[in-house]
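Chains as they are written, first to last, in the working numbering: chain A, 1 to 322; chain B, 323 to 862; chain C, 863 to 1147.
Be a bit skeptical, because a hint or two may be false.
Claimed, not checked - Using 20 Å as the maximum straight-line C-alpha spacing, the simulated EDC-like pairs for lysine to aspartate or glutamate come out as follows:
#1 Lys-817(B) x Glu-557(B)
#2 Lys-782(B) x Glu-444(B)
#3 Lys-457(B) x Asp-170(A)
#4 Lys-38(A) x Asp-1041(C)
#5 Lys-242(A) x Glu-1034(C)
#6 Lys-913(C) x Asp-170(A)
#7 Lys-1134(C) x Asp-183(A)
#8 Lys-730(B) x Asp-454(B)
#9 Lys-268(A) x Asp-453(B)
#10 Lys-38(A) x Glu-1040(C)
#11 Lys-1090(C) x Glu-380(B)
#12 Lys-581(B) x Glu-557(B)
#13 Lys-242(A) x Glu-1040(C)
#14 Lys-268(A) x Asp-491(B)
#15 Lys-842(B) x Asp-289(A)
#16 Lys-1090(C) x Glu-444(B)
#17 Lys-842(B) x Asp-621(B)
#18 Lys-268(A) x Glu-444(B)
#19 Lys-587(B) x Glu-131(A)
#20 Lys-319(A) x Glu-1040(C)
#21 Lys-319(A) x Asp-1033(C)
#22 Lys-842(B) x Glu-83(A)
#23 Lys-817(B) x Asp-183(A)
#24 Lys-1090(C) x Asp-491(B)
#25 Lys-1090(C) x Asp-454(B)
No lab work stands behind these hints, which were simulated from the structure alone.
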Amino acid sequence: MTDATAETITDTPAEPASAKANRRSRGYWAGVAHDSRKLGFWFVAPAVLLLLFIVVFPLAMQLYLSLTWWTPLDGVRWYRAYESFNSGDNYARLLTDGALWAALGRTVLLMAIAVPAQFLLGLGLAYLFMEQFVGRKFFYSILLTPMMIVPAVVGLIFFLLFQGTGPVNDTLRLPTSFAWLTDVHRAMLAVIIADTWQWTPLMFLILLAGMLGVPADQLTAGRLLGASNWQNFCKIVLPRMKSVIAIALVLRSVECFKIFDVIFVMTKGGPGVETETISLFLYKKTFADLDWSYVAAIGLTILFSLSLIAARGLSYAAKRKG
Amino acid sequence: MSIEKLNSTRREFLKTSTGAIAAAALGGGGGPLVSLPLQAAEYAPGMTGGPLGFDGAERFQYNSSMSEGRAIDGIKALKAAGKAPKKLTVLLLDGTIDQIRKPFREGAMSPLDVWMRETGIEIEMIGGTPDDIFKKVMQDVTTGDGAFDVYTGPWNSTGDLVASGGAIDCSDFVKKYKPDWNDRERGVTDDAFEKLLYTYNNKNYMIGLDGDTLVWYYLRNLYEKPEVKEAFLKEAGRPIDVPNTWEEVDAISKFFTGKDFGNGKMYGNGCLMSRFWGLPTFYMRFASMAFPNYYFFNDEGNPNLNTDLGVQCAEEHVRSFEWSPPDALNFTFLEGWNSLWKLQVPQICTYTAIAKYGDGLKPDGTPKSKATGLMGSHNPVGRRFGDKINRRAVMYYSVTAWISPKSKNAEAAYLFLQWLSSTRTFTLIMASPTGFFDPFQQANFKEPLVAANYQPYAMKTIPYSIARSVPSLNFGGQTAMDNALDEELQAALTKQKTPRQAMDAAQGKWEQIIRRQRGKGIIEAIKASRATWPMGGDPA
Amino acid sequence: MRTPLRALVIRYAFVILACAVVIYPLLWMITMAFKPFPEWTTGTGMTWFPKQPTLQNFEFVIFGHAQGLVVSLDRGIVGPLAASLITSICGTALAVVTGTLSSYAVARFGIMSLLPLSVLQLRLFPPLAVMIPVMVMWAFIGAVDTWWGLSLIYGIVTLPFAFWLMKTFFDEVPVEIEDAARVSGCSYWRVFYRITLPIVKPGLATCALFVFILNWSDYLLALLLTQKNWVTLPIYMSTLTSPMGGQMYGMKAALGLIAAIPPVVFGLLIQKHLVRGLTFGALKQ
């Protein structure tokens, strides 16, 4: 890496003497290029615009709707929702809505099983790939393919695999009456397996990158001191990977919380509501029940709680770094 | 019209439809029709429009004195006034597009060809799946995008759509162009049924394109096999016959489960049990719990779900699932039909349109499925009350068209729909060997091409079932209510809840929805719906 | 010390087992894509490999109809494929460009210290929690069912991903290199464009790949924000049912295979960068 950096530097020609004159003649933009505040402003402007665009109106509308009973069934446009103002009843309802909390519980359950499973599997695989061996690149490419498959397709594949008469039961020598997707407990297991299949590779990739980042001389030193590979791994590699591990876990947890596509295709939340995670719950409330003001209240609450968690997490991370 | 009268007309309907059977027999089940001219390259005398190019095309032709002709004339008038669009965009079920776009037979004109030839207005058809199409409609309605001139979707959802302001009232167009839906010889049989299919709150918000009544099909030859007869007699103590009551259905389901009569291990219950598709199965069982009907709501508009009879029905429904094939909870009606064609189940009770894919011969003369030639159809079942049986079917889904309030071409869109749903064009659509639209008009059942397609045995049972159909929910809040009940039923089927717990929970959810919609005429709508149920019983 | 041979055997055993688990579902999809209709469902005995291999499924999804099938579709694959490609690429470009610029400004110029948290929040909650206003807003600005409307939302929802990934890369680039260039008279812009950006090129490529995969995989946003003209591949796939055989598994599998091609090709194109790009973040540990 350092080689590349050095190269780039020598490749970059030093600024010619006439640059200053040029700059003046090019006016405002030339000035910007030399002023870190101004340049910074222009650098963040597009992203901030996008953020404001997606945040301001939707938040305002959610807040507004969440304080009413409005549903599209009222036959009036949303901006006239004030006609059914309900002074926060949606929020009271949310606190006592068993279905919502159950969906949340299932989402947490899914995260609590899937993310650690993906982490451990990814870590194990990364450990296997730390050293060079024949066919490493080939196996590496194969292991990464699940990431490239569209989640909706993954849902379809696992829907087919887990049919009673499908290949999984056949391979495992189970009777065709052994239901997966329509069994209360195994349906969630099937969903977790599908998610794990697809996302363990990402874990593997991130963790492997973290491991390869550990300087080789430290490992050699460890080995000279008589440490086995495993000791090396535990004593030297893992402690150095803390932040990579944290990133990987956070990344997967966040995405896992939002899981929708795979479940939507595999079970539509069924049997009953057994695999209905928070996203599917919201989908149902939005399109089947048309309960839009309630969805708005839930949306805002989720947003608020997660923001709190994120802010705490970030400040914690910053403190650790500092 | 009184309810008694209603039933008598429904019964007359049955008499007339036997004519279709005779005609179909003449037609030889798809072979060339005997007494017709070989080629019809021109309109029959007096006709000005309609399909050409196949034997019998004149039966689908029309002139200005007929419904289709009036629609075409209307378009021409719009064109002359410069108000006709170049294109109409229609949201349709994927499975129905071919019915409109493809000719029923090589060389014949497809319905769409006829329309294009006579009007020049392009019809852009966008597909959606049965269980998701209404979401697409609501999305278009609520976000104000207005991508479609015409929506189609489940008939049940009309209430939700009208409440959301997503459909226009076509009453004026109906008065102006006089469609032939109400022709008692060719259209629907009686006022109540007409109201059900074409009106909501007494206004023409919708145009029925489908007759989605659940109809029973079974493997006739299986019931006639000596070894089956013998085994059933031994086990049940009575000879096997087509069932008349739910009790008999369940006995047959139980009997066949796990047995092998030469086609592998069977499962007894072919009825759909899955999410969305299994809901009408439950409604149908529910409707016959009392005589003449067991309504979904009582007189005051309160749900009847967790009454003793309601719970009993749920218990029966859950028990019948023991006899269903594995994966039945993942089935759509297509997988359900497939299990019948593989001779895995002895019967199925669902929408009729798919039967034509499994019974009959392909153009190359090979059978369409293992079940070809072995199938039959029987009447709806009910329960015995004294000397009567209240046979009940249910009308659920039934593809229905609405015109978007955002369409800039409402009149042209209406005219297209009138043309499409008039008895001649619609009968031509029914001749198609593909598609989800089911026959329901009188003229459909009298047409040999339809009989050849849907099989003569069904030409009697379909109208018989329609006449005994109870309407499922069709008022604002329906989507939420159906969804709530469906979810609880699935919970009971997967043993998460007992049937009673599930019915209690569903009752609670329904009451909550009704409370929230109370001010919006939901009680009135419930009462109005009760009035459209059939009242008669058949001799036991 | 253990014999290296034993360690090697164990390593290969585990690696091959892992690959088998990865391949098992893929193989089912691939063979399914070549199976004719009667072999799609396994009700009457299951087979891993098609008894009568056929290209009919591909023919059907590509042209919208196929020889010997009574059913056809309202459209072929071309429209959805183009829609997916265009919106994914534009969305990726939007996210990567804005994410790179803003993360650089935050990492180097130290402005907008709130930005990292704000973009993170954007990625945190389920899109369904705010989809209603977004649908209303998109309809208001006429963006529903347009290529730019979908690209815009893709760019926005993947911006946090691009931002955070690029920020870690920029954080790893030694400030000394840039300072040296500054001293020799380069403008801030020039330092960014000619020095830092080339250094993080592998990271940029990796970031683009991930963002592209995210956009390409999207189902929900396209489901809610398209109607007919810009329906993307995953949505198109979910509508593949026919009255003849129910869910068209063979066609869906064929489509799934086709849908896997762009990310794989993209991945292969930047493979060289991929490995470097990922080790980049851990460089300075």
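Okay, the hints, checked on the actual structure:
Between Lys-817(B) and Glu-557(B) the CA atoms are separated by roughly 28 Å; this puts the pair beyond 20 Å, and the hint is violated. Proximity of Lys-782(B) to Glu-444(B) is assessed by CA-CA distance (about 37 Å); at most 20 Å being required, the pair is judged violated. A threshold of 20 Å between alpha carbons decides the hint, and for Lys-457(B) with Asp-170(A) the separation of about 37 Å lies outside it, so the pair is violated. Of the pairs offered as hints, the one joining Lys-38(A) and Asp-1041(C) holds, with about 18 Å between alpha carbons and a cut-off of 20 Å not exceeded.
With a CA separation close to 16 Å, the supplied pair Lys-242(A) and Glu-1034(C) stays within the 20 Å bound. Taking the CA atoms of Lys-913(C) and Asp-170(A), the gap is about 18 Å. The hint holds against a cut of 20 Å. With a CA separation close to 45 Å, the supplied pair Lys-1134(C) and Asp-183(A) exceeds the 20 Å bound. For the hint pairing Lys-730(B) with Asp-454(B), the CA-to-CA distance comes to about 25 Å; that exceeds 20 Å, so the pair is violated.
This hinted pair checks out: Lys-268(A) and Asp-453(B) have alpha carbons roughly 11 Å apart, not beyond 20 Å. Under the criterion of a C-alpha separation no larger than 20 Å, the hint pairing Lys-38(A) with Glu-1040(C) is consistent with the structure, at around 18 Å. Distance check on the hinted pair: Lys-1090(C) and Glu-380(B) sit about 37 Å apart at the alpha-carbon level, beyond 20 Å; violated. Pair hint Lys-581(B) plus Glu-557(B) holds up; C-alpha atoms about 12 Å apart against a cutoff of 20 Å.
Between Lys-242(A) and Glu-1040(C), the direct Cα distance comes to roughly 28 Å. Violation of the 20 Å bound is thereby established for this hinted pair. With a C-alpha separation of about 35 Å, the suggested pair Lys-268(A) and Asp-491(B) falls outside the 20 Å cut-off, and the hint is violated. For the given pair, Lys-842(B) sits about 16 Å from Asp-289(A) by alpha-carbon distance, which is consistent with the 20 Å threshold. Taking the CA atoms of Lys-1090(C) and Glu-444(B), the gap is near 16 Å; set against the 20 Å cutoff, the hint holds.
Between Lys-842(B) and Asp-621(B) the CA atoms are separated by roughly 18 Å; this keeps the pair inside 20 Å, and the hint holds. Restraint check: the Cα-Cα separation between Lys-268(A) and Glu-444(B) comes to about 36 Å, which exceeds 20 Å; the hinted pair is violated. Note on Lys-587(B) and Glu-131(A): the hinted pairing is violated, with a Cα-Cα distance of about 53 Å set against a maximum of 20 Å. Distance restraint check for Lys-319(A) and Glu-1040(C): the Cα-Cα separation of roughly 26 Å exceeds the 20 Å cut-off, and the hinted pair is therefore not satisfied.
Using a Cα cut-off of 20 Å, the hinted pair Lys-319(A) and Asp-1033(C) holds, with the two alpha carbons roughly 17 Å apart. For a cut-off of 20 Å, the pair hint linking Lys-842(B) to Glu-83(A) stands: about 14 Å separates their Cα positions. As the CA atoms of Lys-817(B) and Asp-183(A) are separated by approximately 9 Å, the hinted pair is consistent with the 20 Å bound. A threshold of 20 Å between alpha carbons decides the hint, and for Lys-1090(C) with Asp-491(B) the separation of about 25 Å lies outside it, so the pair is violated.
A C-alpha spacing of about 14 Å is found between Lys-1090(C) and Asp-454(B), which places the hinted pair at or below 20 Å, so the restraint holds.
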